[in-house]
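*Asks:* With chain A's structure known, arrange chain B on it following the hints.
Protein chains: 2
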Amino acid sequence: MSEKLINEMTALEIQDYLVSGKSSISQFYAQLMEFVSEGDKKIHAFVNFDARCVEAQTQTLADDRDLGREPGPLYGVPIGLKDIIDTSDFPTEYGSVIHQGRYAISNATLVRRLKEAGAVILGKTATTEFAAMHPAATCNPHNLEHSPGGSSSGSAAAVAAGFVPIAIGSQTNGSLIRPASYCGVYGFKPSRGLLPRSGVFEQSPSLDQMGVFARSLEDIALATEIMNGDDGFDEATKAVAPMRLVKTCQSEPPVAPKFCFFKTPWWDKIDPEAQEAYEAFIAHLGQGVITVLEMPEVVNKAVQWHKSVHLAELAFSLQKEYRHHPEQLSQTLRDQIKAGLEIPLFDYLTAKDRIVHVGNAFDEYFDHFDGIVCPAALGTAPRGLGSTGDPIMQTVWSFAGLPTLNLPLLNCSNGLPLGVQMVGAYKNDGRLLRSARWLVHHFFSEETSQ
Amino acid sequence: MSEKLINEMTALEIQDYLVSGKSSISQFYAQLMEFVSEGDKKIHAFVNFDARCVEAQTQTLADDRDLGREPGPLYGVPIGLKDIIDTSDFPTEYGSVIHQGRYAISNATLVRRLKEAGAVILGKTATTEFAAMHPAATCNPHNLEHSPGGSSSGSAAAVAAGFVPIAIGSQTNGSLIRPASYCGVYGFKPSRGLLPRSGVFEQSPSLDQMGVFARSLEDIALATEIMNGDDGFDEATKAVAPMRLVKTCQSEPPVAPKFCFFKTPWWDKIDPEAQEAYEAFIAHLGQGVITVLEMPEVVNKAVQWHKSVHLAELAFSLQKEYRHHPEQLSQTLRDQIKAGLEIPLFDYLTAKDRIVHVGNAFDEYFDHFDGIVCPAALGTAPRGLGSTGDPIMQTVWSFAGLPTLNLPLLNCSNGLPLGVQMVGAYKNDGRLLRSARWLVHHFFSEETSQ
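Sequence lines, in order, name chains A and B. Heads up, the first sequence is in the working numbering, so the first residue is 28 and it goes up one at a time. Heads up, the second sequence is in the working numbering, so the first residue is 28 and it goes up one at a time.
Because the hints were derived from the structure by calculation, they are not lab data. There's no promise every hint is true.
Lysine-lysine pairs mimicking DSS-like chemistry, simulated, CA-CA at most 27 Å apart [what the hints assert, rightly or not]: (1) B/K365 <-> A/K334; (2) B/K347 <-> B/K334; (3) A/K347 <-> A/K328; (4) B/K296 <-> B/K347; (5) A/K290 <-> A/K347; (6) B/K334 <-> A/K347; (7) B/K328 <-> A/K379; (8) B/K328 <-> B/K274; (9) A/K347 <-> B/K328; (10) A/K328 <-> A/K296; (11) B/K347 <-> A/K334; (12) A/K31 <-> A/K69; (13) B/K454 <-> A/K365; (14) A/K454 <-> B/K265; (15) B/K379 <-> A/K379; (16) B/K454 <-> A/K265; (17) A/K274 <-> A/K142; (18) A/K379 <-> B/K347; (19) B/K347 <-> B/K365; (20) B/K365 <-> A/K265; (21) A/K379 <-> A/K265; (22) B/K290 <-> B/K334; (23) B/K379 <-> A/K328; (24) A/K379 <-> A/K49; (25) A/K379 <-> B/K365; (26) B/K328 <-> A/K334; (27) A/K265 <-> B/K31; (28) A/K347 <-> A/K365; (29) A/K142 <-> A/K31; (30) B/K334 <-> A/K379.
Bound-form chain A, shown alone (with noise of 0.2 Å):
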C-alpha cells in the first residue's frame, strides 16, 4: 500500500498512512500540492485552489494530534468540494461572474461534518454556470479535448486526475453520474433527503441531491456516512439512525445479490460502440446475475414532469440574478429561466406531485432484484468542452430520487471510460454500495478477469 503513489491512494489509505506516520502530514501536502497545482495547469479542476489555505488546516490537524486529539476517519484526507457549497475560507462562487468573490458566513453543514473527521478541503473545484448547462473550463484527464460532463465538472476531473481520492458534487438532473462515466470515477447520488444540503446553492429544492466522487466504494461510503444525516436545516433531510454504510459495503451479501438490466426508452440513442460495451457486460455477468428487463412506462412522463419542476424551480432560484444581471447570465441560462416563468401552476404541482409516485413505481424490482442496472450515459465524454453531454440516463433516478451509483466498468476503443449506472432501493444505500461492491469484486477485481 505504501508503494503507491500519492495520487493513487484511496481515502482510507491517505488516513492509515498519516494516521500511522509513514509520512508526516506537511510531507504529504508539500508533495500534493505540487502535483496538483502542476497537473491543474491543463484540466483546470479547481476554481480555487490556496496552499495557504490547505497549510492552515493541515497545521491545525498536526496541532489537534499533538494534543492528543483522536485522528478522525477522514484525518488529513484531501477533498474538493464543487464550488456550489459554502466554505469560509474559500470563495463560493456558483461558476458564474455575477458571485466572484463571494465568500460564504460559514461552513455547509456537510463541509463542517468533512472537516470535524479530519478532512482537508484541498480547494473549490469547477461546476458548470450555476450547476446548469454552461459549460466550466475544466477537461476531462483522460483526453483533454473531451469534456468531463457536467455539472460537478471539476469534482469529477479532480478524482480521476488522482488530485483528490474524494470530491464532492450534486446532482439535480444528471451532474454527477454522468461525469463520472465520462471521467473514470466511482459517483454516488444517495437517496433523496439523505445529505443535507444547508449551505449549499439552491438550483432546485425538490431536486437538488447531493453526492461523492470517489476511487472506491469504500471512500464512496466513508464520506456519505459522515456527511449523513438530518440538521435540522433542510426541510428534505430527514433524520435517520446512523448508517452504517461503510461496514455494510465491506460485507458480504447473505446471498449472491441480483441484477436487472435496463436498456432503457433511450438506447437508440446510445452511440453504437457503447451499446456494444454494454451487451458485453451483460454477457459478462450472464443469466443467473443480471435479467434484461423493460423499463416501466411511467419514465417517459417522468422526464416531462422532471422538466416542470426542475425549470420553474430553476427560474424562482434565479430570479434576482436574472432581473439584475441578465447580461451576466449565458444564453443557455437565459433560456432555461425564461420557459421556468412559464410554466403553469398546475403542471408544477402535478409534475411534484408525481415524484413520490414515481418511486414506488420501481418498488416491486427491489422486491426481486438488488440493483437496477442500465448504463450511464450515452457513450463516453463528447469531443470538445461546448458541451457537457446529455443528462437521460439519470432524470428519472433524479426525478424519484432513488440512490445511484456509477461504476467506472468499462471502457470504449477511443481510450475513454464508460460507467455502469447502478440504482437502488430508496433509503437501501447500504444494500445498493454492498450489491455493487460484490459485482465489481466478482466480475471485474483482477483476478477474476485473469
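*Replies:* Then chain B, alone, in the frame of chain A:
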C-alpha cells in the same frame, strides 16, 4: 374525582377511573353512549357514531386486559376524530356528498397510535366541506343558534358538549384554534411537522397541520405526545426524540414566564365587547407578566402569502372533484378552487419560500418571552350556522407553522366563551404548554380568582 360526571372528566381521569376498576369499561360506555346519543340530537357534532364499532373496541380492550396486557395511557378514553382522518371501521367522508360512504383501507397513522395507547374512537366528527369554508350542520353547545366555528366544527363541539375529553382536528388556516375559542375548550395546533398527516385528507400539504381539542392542557399534552413522531410517510414530519410533553407541561417553569400581547393589525375588526375582555385580560395579568407590543410588519404580507399557497394547493387537491362532480361542490368552494387555478406559479413559489422567513421573524420574541399572546378570534361565535367565522387571527401562525394554543379563559355577556391564543417557539411545544399551564394556574384557577 370519581364524583365528577363522566362528561366532565378529563382523559387522565377517565383512564385512571377505568384502570383502577371504579367502573367497568362496558358500564362506562353504556352510560356514555346514551349521553352522547341523546345530546347529539341537537348539536350534531358526530357524523358517524356507531354503537357496534364502539362495542367492538371496548370489548377488545377488556379482552386484552383480561389477557394481562398493560393498559395504555389512553386506556378506555373516548376520542372523536374529524371526518377527514381515515379510519378502517367508520367511513371517512370529508364532509362532502361526493365521498359519502367512503371507507378507507387503513387507519391514519395518528388513529393507529391513539388506539395502540388504548383510546376508543367514539365516532367521526363533522367537518366543513373538505375542511374548507362551507359549514357543517354542527351547533355550538353553548348556544345552539351560534356556529361552533370550523372547519373542525364537530371536534370542538364534541369536547365542549362533554361527549369526549379529547377530539382530533386540523388547521390549514384557522380551523382549530377558532372553533376552540368559540366552543370554550382548549385547542392545540403543534409545530408544523410534529404530527404525521398520513391517511388524512390533503387540502394544502404546505399548510395542513393536525391538532387536538381537550378539556385540560395535560390531556392536550398527552394526546400530542402519543400521536407525535415521524411515520416515514409524511414528508413534512421530522423524526425527533420523544417529546416528554406531559412531564414538561406539568412541571414548574424555572423562572416565572413572561409573555407579550399582540393586539394584531386586526384589532379594529374585533367586536368591542371582545376588545374589552382582552383589555381586562391584559390588566389582570399586569405589566410584570405581559407586555403589549406591535406585531412585526411581515404579518400583513404573510396573510397574502398564505392565501396564494392555500388556494393553489386546495385547487390541486380537489382537481378530480372539481372536474367530475362540480355540481356537488358548494359555490364557495368552487370559487376558491377557481381562484386557486389562476395563481401564477411564481407567486406560489414566492409565497411558499416565505414560510420559513415568517417563522424566523418571531425568533427574537422568544428570546425575551415564553409565549406570544393574542386574540383567538374577532369575537364570540357568530350567530347562525351560515358562516364559521373569520380565521384571520390564526393565518400567520398556520403559515409560519408555530405551535399555538387556545386557552378558554374569557366570557362575554352573551354567555359565549372567548379564547386567548398563545403562540410558542417552533418545535418548543413543551415550553409553550408549560408556560400556558403556569398562566392558567396562577391567574385563572379557582384558588387564585377568589
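*Asks:* Evaluate each hint against the coordinates.
*Replies:* So, going through the hints one by one against the coordinates:
no.	hint	in the structure
1	B/K365 <-> A/K334	holds, 26 Å
2	B/K347 <-> B/K334	holds, 21 Å
3	A/K347 <-> A/K328	violated, 31 Å
4	B/K296 <-> B/K347	violated, 37 Å
5	A/K290 <-> A/K347	violated, 41 Å
6	B/K334 <-> A/K347	holds, 24 Å
7	B/K328 <-> A/K379	holds, 26 Å
8	B/K328 <-> B/K274	violated, 37 Å
9	A/K347 <-> B/K328	holds, 20 Å
10	A/K328 <-> A/K296	holds, 18 Å
11	B/K347 <-> A/K334	holds, 24 Å
12	A/K31 <-> A/K69	holds, 24 Å
13	B/K454 <-> A/K365	violated, 39 Å
14	A/K454 <-> B/K265	holds, 15 Å
15	B/K379 <-> A/K379	holds, 14 Å
16	B/K454 <-> A/K265	holds, 15 Å
17	A/K274 <-> A/K142	holds, 21 Å
18	A/K379 <-> B/K347	holds, 17 Å
19	B/K347 <-> B/K365	holds, 14 Å
20	B/K365 <-> A/K265	violated, 35 Å
21	A/K379 <-> A/K265	holds, 19 Å
22	B/K290 <-> B/K334	holds, 22 Å
23	B/K379 <-> A/K328	holds, 26 Å
24	A/K379 <-> A/K49	violated, 52 Å
25	A/K379 <-> B/K365	holds, 21 Å
26	B/K328 <-> A/K334	violated, 31 Å
27	A/K265 <-> B/K31	violated, 45 Å
28	A/K347 <-> A/K365	holds, 14 Å
29	A/K142 <-> A/K31	holds, 25 Å
30	B/K334 <-> A/K379	holds, 20 Å
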